[in-house]
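Undergrad: Which chain is which? The protein sequence lines are S and P, in order.
Residues in the first sequence are numbered from 1 upward in steps of one, following this note's numbering.
Residues in the second sequence are numbered from 1 upward in steps of one, following this note's numbering.
Hint data in this document are derived by calculation from the structure and do not stem from the laboratory.
Just so you know, even glycine gets a beta-carbon here, dropped at the ideal spot from N, CA and C.
Hints may be right or wrong, so weigh each one.
[What the hints assert, rightly or not] Chain S stretches covered by chain P per the calculated footprint, using a threshold of three residues with CB under 8 Å from any CB of chain P:
#, segment
1, 198-208
2, 227-234
3, 272-279
4, 288-298
[What the hints assert, rightly or not] Chain S residues, not near chain P, derived (Cβ > 10 Å throughout):
#, residue
5, Gly42
6, Phe124
7, Leu261
[Claimed, not checked] Not close to chain S: a few residues of chain P, all C-beta gaps over 12 Å, as computed:
#, residue
8, Val64
9, Phe72
10, Asn89
11, Gly159
12, Ser173
13, Phe243
14, Asp299
15, Pro303
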Amino acid sequence: MIQMQLPVNTAVVSAPAEAALLSVRGLHVWFELRRWGFGHAGYVRAVDDVSFDLRQGEAVAIVGESGCGKSSLMRAILGLHRPTRGEVVFRGQTVSAFNARDLRAYRAQVGFVQQDPFGALPPFMTVARILEEPLLINGVKDPAERAARVRKALEEVKLSPVGDFLPKFPHMLSGGQQQRVVIARAMILEPRLIVADEPVSMLDASVRVEILRLLRGLQETHNLAVIYITHDLSTVRYFAERIFVMYAGRLIEKAGVDDLLQTPRHPYTHALLAATSDPDAHNATVFKEVPPGEPPSLVKPPPGCRFHPRCAQAIAGRCDEHVPPEFAPQPGHAVACWLHEGPDAPA
Amino acid sequence: MQDTALLRIEDLKLHFRTAQGTVRAVDGVNFQMGFREAVVVLGESGCGKSSLAKAVLRLLPRNVQTYSGRVFLDGADVMRLAEAEFRQNVRWVRMSLVPQAAMTSLNPVLKVGDQVAEPMMAHYNVGKKDALGQARKMFQHVGVPADFLERYAFELSGGMRQRVAIAMSLVTSPALILLDEPTSALDVLTQANIMNVLKRVKQQMETSFILITHDIATSSELADRVAVMYAGQIVEVSDAPRFFAEPLHPYSRKLMASVPRLRSTQAPEFIAGRPPSLSDLPGGCRFAPRCPHRFAKCDQDPPVVEQAGRQVKCWLHA
Numbered sequence: 001m002i003q004m005q006l007p008v009n010t011a012v013v014s015a016p017a018e019a020a021l022l023s024v025r026g027l028h029v030w031f032e033l034r035r036w037g038f039g040h041a042g043y044v045r046a047v048d049d050v051s052f053d054l055r056q057g058e059a060v061a062i063v064g065e066s067g068c069g070k071s072s073l074m075r076a077i078l079g080l081h082r083p084t085r086g087e088v089v090f091r092g093q094t095v096s097a098f099n100a101r102d103l104r105a106y107r108a109q110v111g112f113v114q115q116d117p118f119g120a121l122p123p124f125m126t127v128a129r130i131l132e133e134p135l136l137i138n139g140v141k142d143p144a145e146r147a148a149r150v151r152k153a154l155e156e157v158k159l160s161p162v163g164d165f166l167p168k169f170p171h172m173l174s175g176g177q178q179q180r181v182v183i184a185r186a187m188i189l190e191p192r193l194i195v196a197d198e199p200v201s202m203l204d205a206s207v208r209v210e211i212l213r214l215l216r217g218l219q220e221t222h223n224l225a226v227i228y229i230t231h232d233l234s235t236v237r238y239f240a241e242r243i244f245v246m247y248a249g250r251l252i253e254k255a256g257v258d259d260l261l262q263t264p265r266h267p268y269t270h271a272l273l274a275a276t277s278d279p280d281a282h283n284a285t286v287f288k289e290v291p292p293g294e295p296p297s298l299v300k301p302p303p304g305c306r307f308h309p310r311c312a313q314a315i316a317g318r319c320d321e322h323v324p325p326e327f328a329p330q331p332g333h334a335v336a337c338w339l340h341e342g343p344d345a346p347a
Numbered sequence: 001m002q003d004t005a006l007l008r009i010e011d012l013k014l015h016f017r018t019a020q021g022t023v024r025a026v027d028g029v030n031f032q033m034g035f036r037e038a039v040v041v042l043g044e045s046g047c048g049k050s051s052l053a054k055a056v057l058r059l060l061p062r063n064v065q066t067y068s069g070r071v072f073l074d075g076a077d078v079m080r081l082a083e084a085e086f087r088q089n090v091r092w093v094r095m096s097l098v099p100q101a102a103m104t105s106l107n108p109v110l111k112v113g114d115q116v117a118e119p120m121m122a123h124y125n126v127g128k129k130d131a132l133g134q135a136r137k138m139f140q141h142v143g144v145p146a147d148f149l150e151r152y153a154f155e156l157s158g159g160m161r162q163r164v165a166i167a168m169s170l171v172t173s174p175a176l177i178l179l180d181e182p183t184s185a186l187d188v189l190t191q192a193n194i195m196n197v198l199k200r201v202k203q204q205m206e207t208s209f210i211l212i213t214h215d216i217a218t219s220s221e222l223a224d225r226v227a228v229m230y231a232g233q234i235v236e237v238s239d240a241p242r243f244f245a246e247p248l249h250p251y252s253r254k255l256m257a258s259v260p261r262l263r264s265t266q267a268p269e270f271i272a273g274r275p276p277s278l279s280d281l282p283g284g285c286r287f288a289p290r291c292p293h294r295f296a297k298c299d300q301d302p303p304v305v306e307q308a309g310r311q312v313k314c315w316l317h318a
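Just chain S, same shape as in the assembly (with noise of 0.2 Å):
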C-alpha cells in the first residue's frame, strides 16, 4: 500500500530547478562519532534528505528548535560542511565538487550574517578594516575603489555619518550598529544571496524590527536571495515569502508565509504556532498546549516519521514505521506527515 503513494515532486513547491539560485538536492550530512578516536560509534544525522529550491529574490525563512540541524544545513550551503550524500547546487554548478578559488568566488556571492554580531567582528580591526578585509581577498586593487565601495557598503546599512564609525573598533559601537557592519560586510561583495542566522536574537525588541526591515529592504533592492534561519515565527512574517519547517534534520513542512500561519499543517507546525505568544493579558489564564518529551536523539532517531513519539495524532503501524513523503494538500504547500496522505485528508 504504502509503495502505492507517489510522493510529491519538490518541483510543485519551488521554482523549476533551472530557474534556481540554489537547488538543495537530497542534501545529508553527517559527522561520525568515533570510539576512542578510531572506532565507529555511528553518526550524527545532523540534516537527512532535505531538498529545496530557492529563486533570485526571493527570501525563505527556515524555522526550528536548537539542535535540529538548521546551522548544519547552513554550513553545508556556505561550503563549510561537505555534504554526506547529495548536493548543493549554485547556478548550475556544485558546491562541493569546487576547488580552492572556485569556492573563493562562491562565498563572494554568498554574505554571510552571523547571529553574535560581537562574536563575528575580530575586535583588534576598525570598522573600515573589517569591511576592507573582503575587498582585499578578492583583488580589488585601487585603494580608492576600496574605500569607495567601504562608504558606500555603509551608507546602505545607514550608519552614517559614515566618516565617524570608519575609524570605530566594533565595542565602540551598540549591538545594532554592529549588526549593522556585519550586515555591511555580508553585502560589500555584492552578493546574490545572503545567509542570515539568527540575525536579530541578540538583539533588544526595539532594535530587531530596525534590523529586520533594513535586511528586508536590502533585500529588494539588490534582488537577493535570502535565507533567514530562526526559531522564532513571530519575526517570519515580516521578512521572508515562504517558510521551511526543520525537524530532527528534515524539513517537515515547506509553504508560503501565509498559508502556513493560517493553516499549518504538520502537527509539529501546529505546536510551534501554539506555543508562540503574542502580548495579551489573557495568556496569564490558560496553559499551553506542549507536545510531551524533547527533541529526539540524531545518532538514533526513532524509526517511521520522527516526531511521532511525541505527535498525539500519531497513526500505530504508520506513523511509527514508515517515513513520511512528502504530500501537497494544497499547491505550494508540502508537508512530510501520513495524515495529509490522499484527498480526504484532514485539512
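The hints should help you fit chain P onto chain S, whose structure is shown.
TA: Okay, now just chain P, sitting in the frame of chain S:
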C-alpha cells in the same frame, strides 16, 4: 501601620563606580507588590532591571558607589539588617533567585539533587536525607523526573536545567522568587513548558514572583501586573489587562508597538534613537529625547501620576 504589602521598595538606588564614571543602574525606584502576585519588570538591555534584582537581594559587586533606600519585606526593613543576618534569614529563606543563564549557574561537579537540597541544609539545619526528600518534592512540582536527582547539570537539556534552577529557588518555600530572564535562551516549546511550570507553581504554592525580562510576549504568560523600567527608573506600573490593552507611558506604547505579532498583520515599529547611557543621563524626563510627545515641561523630572490604580511617570498624564 500594618503593612499589607509583601515587598515595598522606597527610593532604592544602586550606583556603580566605573572607569566611565558613575553608572546609575537603579536610580530612585519606588514600588510595591502584594502576596501571591506576579509582577513583570519589563525593559531593554541596560535599563537596570537585573541590577534591580541584585539590589533587592543584596547581591552586590565590589564597585558599588551608592546603595541606599529602603526595602520592606513583609513589613520589616531588610536593608537595615547586617549582612550575616540577611544571608541567614532573608536570602533564599524569604526570597530567592532564578539567575539569568541557569544553564551555567548550576555547579558542574555536584549532582543536581544535592544542589537543590543545599539551601534546606544551609538554612534550616535539616539532615541530608530530609533535604533530598524536599528536593524530590520540588522536582515533582516543576516536572523533573525523580531519578534526575542523581544526575549532573551537563546531562540535562536546557529546559530541564532551568526547571532545576526553579526547583532550587522553591525548595525553602520563600514568599518571593525573582526570576531574571528565565526563558530568553530557550526554544519556543521549552519556553512554553517553563511558563506552564511557573503558572502551576503560582497556583499551587503561596509564592509571589518578580519576573525580569525584555520579552513582552512571554511576560504576558504570567503577569498580574507590569512595571516598565527605563534608564534606571520605573516609568509605569499597571495591571496586566489594562497594560497589554493600552499602555500609558509613551515608552511603554512604543515598546508594545515594537513586538512582532503572530496573530496580527500589523507591522512592528522600532523606537528611534537609543536608550541613554546610565553614566550620562539626560536631565528631566529620561525618555524625552526619543519621545514623540515631548513638550516644554519634559525638561523637568516628571512626577509619578496615579491614574485609576495605575502609576505613570510622565508629564502628559499630570
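Undergrad: It remains to establish, for every hint, whether it holds in the given structure.
TA: Results for each hint:
Coverage of the segment 198-208 of chain S by chain P holds in this model, with 5 residues showing a Cβ closer than 8 Å to a Cβ of that chain against a need of three. Three residues within the 8 Å Cβ limit are the bar, and the segment 227-234 of chain S against chain P gives 4, so the coverage statement holds. Counting residues of the segment 272-279 of chain S whose CB lies closer than 8 Å to any CB of chain P gives 8, which reaches the minimum of 3, so the coverage claim holds. Given a C-beta distance limit of less than 8 Å, the hint that chain P covers the segment 288-298 of chain S holds, as 4 residues qualify and 3 suffice.
Against the 10 Å criterion, glycine 42 of chain S stays outside the reach of chain P, whose nearest CB is about 19 Å from its own CB. The claim that phenylalanine 124 of chain S lies off the interface holds: its Cβ sits roughly 20 Å from the closest Cβ of chain P, which is beyond the 10 Å cut-off. The non-interface label for leucine 261 of chain S is inconsistent with chain P: the shortest C-beta to C-beta separation is roughly 7 Å, within 10 Å. With 12 Å as the threshold on Cβ separation, the claim that valine 64 of chain P sits away from chain S holds: the shortest Cβ distance comes to roughly 24 Å.
Non-interface status of phenylalanine 72 of chain P relative to chain S is upheld: no Cβ of that chain comes within 12 Å, the nearest being about 26 Å off. For asparagine 89 of chain P, the non-interface assignment is confirmed: its Cβ lies about 32 Å from the closest Cβ of chain S, beyond the 12 Å cut-off. The non-interface label for glycine 159 of chain P is inconsistent with chain S: the shortest C-beta to C-beta separation is roughly 7 Å, within 12 Å. Serine 173 of chain P, annotated as away from the interface, keeps every beta carbon of chain S farther than 12 Å; the closest lies near 22 Å.
The claim that phenylalanine 243 of chain P is not at the interface with chain S is violated, since a C-beta of that chain comes within 12 Å of its own (minimum 7 Å). With a minimum CB-CB distance of about 24 Å to chain S, aspartate 299 of chain P clears the 12 Å threshold, and the non-interface call stands. At roughly 26 Å, the least C-beta separation between proline 303 of chain P and chain S is larger than 12 Å, which holds for a residue marked as non-interface.
Checked against the numbered hints listed earlier, the structure breaks hints 7, 11 and 13; every other hint is satisfied.
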